[in-house]
Amino acid sequence: MLRLLSFALFLATWWTAALFVGGAKLPSPPAVLQVMIAEASSGALFLHLGATLARVTLAFVLAMSLGSAIGYLMGRVRLADRLGDPWLILLLNLPALVVIVLAYIWAGLTEAAAIAAIAINKLPTAIVTLREGARALDRSLDEMASVFAMPRWRAFRHVVLPQLAPYIAASARSGLSLVWKIVLVAELLGRPNGVGFEIGVAFQLFDTPRLLAYSLTFAAVVLVIETLLVQPFEARANRWRPRAA
Amino acid sequence: MRLEVEITGKSFRSAAGETHEVLAPVQFALQSGEVGVLIGPSGCGKSTMLRIILGLDHDFAGRVARPPEARIGMVFQEPRLLPWRSVEQNVRLAAPEVSDAKLSELFRILELEAHRGHFPGELSLGLARRVALARAFAVEPDLLVLDEPLASLDDALAGRLRDEIATLVASRPVMTLLVTHSLDDAIRLGDRLFFLSPRPARIMREVPIAIPRAARSEAEIAAIRSELARRIQAEQGDVDAGRDVS
Chain A
1 MLRLLSFALF LATWWTAALF VGGAKLPSPP AVLQVMIAEA SSGALFLHLG
51 ATLARVTLAF VLAMSLGSAI GYLMGRVRLA DRLGDPWLIL LLNLPALVVI
101 VLAYIWAGLT EAAAIAAIAI NKLPTAIVTL REGARALDRS LDEMASVFAM
151 PRWRAFRHVV LPQLAPYIAA SARSGLSLVW KIVLVAELLG RPNGVGFEIG
201 VAFQLFDTPR LLAYSLTFAA VVLVIETLLV QPFEARANRW RPRAA
Chain B
1 MRLEVEITGK SFRSAAGETH EVLAPVQFAL QSGEVGVLIG PSGCGKSTML
51 RIILGLDHDF AGRVARPPEA RIGMVFQEPR LLPWRSVEQN VRLAAPEVSD
101 AKLSELFRIL ELEAHRGHFP GELSLGLARR VALARAFAVE PDLLVLDEPL
151 ASLDDALAGR LRDEIATLVA SRPVMTLLVT HSLDDAIRLG DRLFFLSPRP
201 ARIMREVPIA IPRAARSEAE IAAIRSELAR RIQAEQGDVD AGRDVS
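In the order they appear, the protein sequences are chains A and B. No gaps in the numbering here: position 102 of the first sequence is 102 in the working numbering, and each next residue is one more. No gaps in the numbering here: position 131 of the second sequence is 131 in the working numbering, and each next residue is one more.
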């Protein structure tokens, strides 16, 4: 209910602002909705949205799985931490734009280059978060598992993984928002489709309604994924915690 | 089965670079069906000794021989349950082979039936300790290690759990190592009592109790107790070990 109210407030603010600024700079909600409907009925909206979502999914899964594995290793094995740390610092501070441009130069304007570039941008933050998680693992529970001779996999699944779950969730959430932002840049620079490409076109034509139509649809999709996927996962991972008052 | 402990020394180097002796030479053995009790002042190195025996600490001089196939049931000082798994899952994860009947029996004895589905965070410390006991028993261990399992439980429950431990020990050929501060628990459960010195720990005195556990009457327990208290008193000037066993 509160969420709806807050959404209504957003619409009202937008509408009022549009009346003051004028339709060229900030089109009113109905104008944008009209473009959305037109794009949706032609199928272009879904095509671009689908292309972007596919890139996000691939890059996200790639970065999360690789980043989690490396982060876990670095948190548990001292040597891995020492070897990986300089690379990690380099990756963390490398601007997204540099990675994307270099990827396109070296691998051509290909799908693989785009996805790799997005994944590389997300990778270091996943590593850092999971490394913290692995460092915070409870030694006394490890000892318990070892005394009771739990097989490796069972110990990992029931002793280690639940302790990492909050870190994985945090990394997924921040990672998803990072990937959303970067994917559009990668598309703008070197893909012939996707929301980022459309926004690039709209920018060249100064077509604000089109720009807003695409970005808002995109934002709506993000919101839906957050509520339907990320939040339930977090709730499930934390269900054993006594609820905060 | 037989557990042989022959530790010739254990020391560790502190951050300041000094070497601290934790254990002096310690030697003892336990047979199946026997309950050995370690009694000693706080901080004397009992926990270190347990960690070595359990194979959690390999950095020591000497050797510990236990059959490699020996199943270990352990009750740590703090319950060490998995907070994200229910009571029943906690037990089953440590003891996957436990039968439903056996599990129900254990939960009934330890009065945990109502808490099967609860998470450890929802339990009192007393209840959590009972879950830890259930977990150690469910394994059907060959070596049972109990690190102050009855601390912080009320007398009635501690008494009942002590009887349950005695029943379990009698029902199977299990080597049991109990660490306790309570002379009473030691006399009621133990076959051999090892009195440890302050750090670095060594065995000052080994006291066997000849009367079988089940046959010990209250009068006999009281007699052993006062005899031990007398001997400890007599040596008080010698070593200050009476503090924690009084």
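In short, the hints are calculated from the structure, not lab data. From the three backbone atoms N, C-alpha and C, an ideal C-beta is built for every residue, glycine too. Do not take every clue at face value.
Pair by pair, the computed Cβ-Cβ distance ranges are [to be verified]:
{"hint": "1", "chain 1": "A", "residue 1": "236", "chain 2": "B", "residue 2": "152", "range": "32 to 38 angstroms"}
{"hint": "2", "chain 1": "A", "residue 1": "34", "chain 2": "B", "residue 2": "89", "range": "54 to 60 angstroms"}
{"hint": "3", "chain 1": "A", "residue 1": "6", "chain 2": "B", "residue 2": "89", "range": "36 to 42 angstroms"}
Right, here's what the structure says about each hint:
1. A/236 <-> B/152: 32 to 38 angstroms: Holds, since residue 236 of chain A and residue 152 of chain B (Cβ atoms, about 33 angstroms apart) stay within the stated range.
2. A/34 <-> B/89: 54 to 60 angstroms: Cβ of residue 34 of chain A to Cβ of residue 89 of chain B: about 55 angstroms, so the range 54 to 60 angstroms holds.
3. A/6 <-> B/89: 36 to 42 angstroms: The hinted range 36 to 42 angstroms holds for residue 6 of chain A and residue 89 of chain B, with Cβ atoms some 40 angstroms apart.
Violated hints for the displayed structure: none, as all numbered hints are satisfied.
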